[in-house]
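There are 2 protein chains.
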Amino acid sequence: MSKRSLTQRAIIFQSHGDPSQVLSAKTLPDLPPPPPSSLSVRFALSPINPSDINVIQGIYPSQPHVRTSKEVELDEYYIPGNEGLGIVEEVGSSGSEFSEGDWVIMKRSQAGTWASAAILDPKDVIRIPRKPNPSKLTEAHAATLTVNPPTAWGMLTKFIELKEGDWVVQNGANSAVGQAVIQIAKRRGLQTLNFVRNRPNFAELKEQLSSIGATQVFTYDDLSDKATKQKIKEVTAGKEIRLGLNCVGGKETSLMATLLGKDAHLVSYGAMSKQPLSLPTSLFIFKNLTSHGYWQSRWYQDCSPQERDAMFNDILDMIEDGSVRSPLKWRIKTDGFRLVISPRTRNLDID
Amino acid sequence: MSKRSLTQRAIIFQSHGDPSQVLSAKTLPDLPPPPPSSLSVRFALSPINPSDINVIQGIYPSQPHVRTSKEVELDEYYIPGNEGLGIVEEVGSSGSEFSEGDWVIMKRSQAGTWASAAILDPKDVIRIPRKPNPSKLTEAHAATLTVNPPTAWGMLTKFIELKEGDWVVQNGANSAVGQAVIQIAKRRGLQTLNFVRNRPNFAELKEQLSSIGATQVFTYDDLSDKATKQKIKEVTAGKEIRLGLNCVGGKETSLMATLLGKDAHLVSYGAMSKQPLSLPTSLFIFKNLTSHGYWQSRWYQDCSPQERDAMFNDILDMIEDGSVRSPLKWRIKTDGFRLVISPRTRNLDID
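Protein chains in written order, with this note's numbering: chain A, 1 to 351; chain B, 1001 to 1351.
Accuracy of the hints is not assured; some may be wrong.
Computed footprint of chain A on chain B, listed as stretches where at least three residues anywhere in the stretch have a Cβ under 8 Å from a Cβ of chain A [claimed, not checked]:
1. 1038-1049
2. 1284-1294
Ranges of calculated distance between the beta carbons of each label pair, as one might list FRET restraints [as the list claims (entries may be wrong)]:
3. A:G58 <-> B:D1302: 43 to 51 Å
4. B:E1139 <-> A:G189: 55 to 63 Å
5. A:T258 <-> B:T1068: 33 to 41 Å
6. B:E1164 <-> A:E240: 36 to 44 Å
Some chain B residues flagged as far from chain A (calculated, every beta-carbon gap over 10 Å) [what the hints assert, rightly or not]:
7. I1160
8. R1197
9. K1226
10. K1231
11. K1239
12. S1278
13. C1303
To be clear, the hints were calculated from the coordinates, so they are not data collected in a lab. For clarity, every value in this text was computed on a predicted model and none was experimentally measured. Even glycine gets a Cβ: it sits at the ideal position worked out from N, Cα and C.
Bound conformation, chain A alone (with noise of 0.2 Å):
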């Protein structure tokens, strides 16, 4: 078995506070090769996830490890990245489960992999079955496997049982985890009410989100609208929808919930209105509702590694299947934060 170094840069920071000001890209020192019982990777792509600028701000709960390296004169510092695709490029010598050029993804959670390379214990990745060509699992799929459909899949799994022609609404449906519950929802048989912000090009995302399977497609502003009401009646045909899925909060999601029927729950991912989840009491008492939140992180915590394996075959095989698409966008826009990792031309690239 060969011994390689692997060169390594990495996107890094010392201190916490906005992206655009204290994330820097930085050449670390060549990685050695791995010692015996850990593999060396190359991270092919590494998304960004809102929860990742929220790592940066020092706002999330999970945080990468902290390192040093007096080599370049570094006294403590942080690579970001929750998730991404890693190449196995060498095994230690100890052996493994794993082989050269084996897709991993992350098992734990902040493992760094905004970064070209990285070595890791085999405990902490999982392999990604590839079936044979033609495979339609691309590099985008895998890398963004870890958190998104699985939040899609755990917050239609996990809470209530849902059959066939079942109604599920959702905020932020053009969120890379409402593009994969309204595939997944879709797969499953079941319909989906999507609200997504107003905005010009909204007869575009439309069709967009209906072309992957939505049923409906509506903005926040219908929401107020005694019509959309009225056409939301006619289209569930007196169904009463028992989940609701937000990433929104405030007053959007307030509104939201009185579309929900009786015994209902709802269950948030996100906020990315930065407002808090506001509800009329009277939804829990005399409607039943249920409010709960999902976080992946903790699920991978708690679950079982049978658990877990069952889930991912399920996704994997709902993209080898088709049903499962690419996100749309699974570049993350942010404001005055432009990242390119060199020298991986696929790798990182916010604009």
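Based on the hints, put chain B in the right spot on chain A.
Chain B alone, transformed into the frame defined by chain A:
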């Protein structure tokens, strides 16, 4: 068996509105002797709960049935009153499990207890067993047994398994439910953090609530006070609080929710502030908070007769062993609203 008619006076309303405007006391036609498979009962005590006011205002989901009475020239009217202690006056000729003098409470909601007497279906009432003298079960206990103690019992039982020494936090701690929570919690070896509105006689109220078993009593103002948060940390010795009970809503509840630990349940059974329940989404996502509603009427609909009997027996045991006393104030004052149903001196009496 005698065949007696009963005179009947009742509080009635004919249209929804402000109770002081729409309620009136009427003498209704005498009740005939009970039909073969019925009971006639006299109401000994008929409490007023906040929900009764909401029923009259027309903003409550349950409503009493419409009645008509040509003899007193009333087209359509309603008798409010959900809860009450009935004493069996006469059993219809086909007999039943009931006997003259039995104490009964209402199984059916909105039975119309704000009356001196009624003819009832035996299926709609529950007999309250009275232990041989001396029984601690007073008429006030029995009359208030349907709603408030079961609400406290249900909220302490149905959402999370609490162990001796665990903490429960609640607002509206001096409400009838709040007092029942304090007493049932105490009897189970649980500790309670109780919040009430600030008031001139706070020290007296604190003393009263402590005397029935409250571990700690604070005002809502204390929720914004760092010293109080520190004190709570000390008294709970860092033990996470996993059950919060809310009948207030609004800002006070948002603040109270931040006292809850991981995997906690917030259960709402009222909204006395008339403000929505507004909570940071992060509590749901990262602390795994679940927010529920509790409605005793739904519980009665959903539970089995065995569950219901077990609950009543548990509460009756606690009354008999002195753990649960009559509410400190079982008369509820409402502004500009004074009612006395004559001639029963111990009946409804609000000032």
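Now the hints, each set against the structure:
Counting residues of the region 1038-1049 of chain B whose C-beta lies closer than 8 Å to any C-beta of chain A gives 0; at least three are required, and the coverage claim is violated. Beta-carbon proximity to chain A at under 8 Å applies to 11 residues in the region 1284-1294 of chain B; the threshold of 3 is reached and the given coverage holds. Distance hint check: the CB atoms of A:G58 and B:D1302 are about 46 Å apart, consistent with the given range 43 to 51 Å. Distance hint check for B:E1139 and A:G189: the Cβ-Cβ separation is about 57 Å, which falls inside the suggested range of 55 to 63 Å.
At about 35 Å, the beta-carbon gap between A:T258 and B:T1068 stays in the expected band of 33 to 41 Å. Distance hint check: the CB atoms of B:E1164 and A:E240 are about 40 Å apart, consistent with the given range 36 to 44 Å. Non-interface call for B:I1160 relative to chain A: holds, since the shortest CB-CB distance, roughly 13 Å, exceeds 10 Å. The claim that B:R1197 lies off the interface holds: its Cβ sits roughly 17 Å from the closest Cβ of chain A, which is beyond the 10 Å cut-off.
With a closest Cβ-Cβ approach of about 21 Å to chain A, B:K1226 is found to remain outside the 10 Å limit, as its non-interface label requires. Once the 10 Å rule is applied to beta carbons, B:K1231 is consistent with being away from chain A; the minimum gap is 26 Å. A cut-off of 10 Å between C-beta atoms confirms that B:K1239 is not in contact with chain A; the least separation is 21 Å. At the 10 Å boundary, the C-beta of B:S1278 falls inside the reach of chain A, the nearest C-beta of that chain being 4 Å off.
Non-interface call for B:C1303 relative to chain A: holds, since the shortest CB-CB distance, roughly 14 Å, exceeds 10 Å.
Taken one by one, the earlier hints fail for this structure at numbers 1 and 12, listed in ascending order.
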